[in-house]
Amino acid sequence: MFRRELVVLGTASQVPTRERNHNGYVLIWDDDAILFDPGEGTQRQMVHAGVSATDLTRIAITHLHGDHSLGLAGVVQRISLDHVPHTVPISFPASGQRWIENLIDATSYYHQADLALQPLTEDGVVPDVAGAGSRSGFTLRAARLDHGVEAFGYRLEEPDGRRLVPERLAAVGLAGPVVGELQRSGSVTAPDGRTVHVDEVSEPRPGQSFALVMDTRLCDGVSTLADGVDLLVIESTFLDRDAELAQRFGHLTARQAATVAAEAGVRSLVLTHFSQRYDDAGEFEREAREVFDGELCVARDLDRVRVPGRR
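Terminal number for the sequence shown in the working numbering: 292, no gaps in between.
To be clear, the hints were calculated from the coordinates, so they are not data collected in a lab.
A couple of the hints might just be wrong.
Between beta-carbon pairs, the in silico distance windows are [to be verified]:
hint: 1; residue 1: Gly47; residue 2: Asp127; range: 26 to 36 Å
hint: 2; residue 1: Ser89; residue 2: Val159; range: 50 to 60 Å
hint: 3; residue 1: Asp127; residue 2: Arg258; range: 18 to 28 Å
Heads up, the beta-carbon is just placed ideally off N, CA and C, and yes, glycines get one too.
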């Protein structure tokens, strides 16, 4: 059975708290598991969340600040220790390559992981890698954000397809192995001798989408990534009363993040990356609710958030 959900490993910003670990998010998408922004402590949070290193089919890093990347060292060593059999691509802003290489080789260990480094220099599709564990047929795209260092956000898109309608199949007498043949070839011969095309017994199935937007000011990339997605995970480091601080340090407020989601037609919104200066997480929800009326999660560590069902 297909499973599509976000596993939240950490929700703090620069400074972790007693309740919030540094960043970390695993998107489970059918047979794939993409680890985004492994901050310090990610390996242990994966244990708490029941996510294995062998599950990971990709690591994607938005930028090379420590709260989004220091956990890479431990995760890579765990991939090596567990003898993960497939290649694990690691995408990241190209300007951070020396830090990525340092993190991968931070201490002495047996280097048995098969990693494929993918430095990003421009917006667009993040290429597939031969031998990688990805099997779900989606496209991963990156778009540049506006932070104090080079940063990219990510958007996962599933292509549109078609869904077979059981009632239509029954009406033309199709059942069993011939249905699989119909899906593979596009047409089959029905019991009455006529040719049945797949379009006759199916209906459009819109693809699903996901986006992750971390540290950034408002910019074109934020809107591009968020446009119409089913599930948006977006930083909301500050509350709107501290909007000047957000602008100065390259972050969003909860109101800004929720406004982006509302204007982009997002179905489900996850707010995360909270400054330690705030004690009441309910303030983020109240601020977001003033402008966004869809599904909303003010993320806590170890939350699991499902991707909404198809439209």
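We went through each hint and held it up to the structure:
no.	hint	verdict
1	Gly47 <-> Asp127: 26 to 36 Å	20 Å, violated
2	Ser89 <-> Val159: 50 to 60 Å	58 Å, holds
3	Asp127 <-> Arg258: 18 to 28 Å	22 Å, holds
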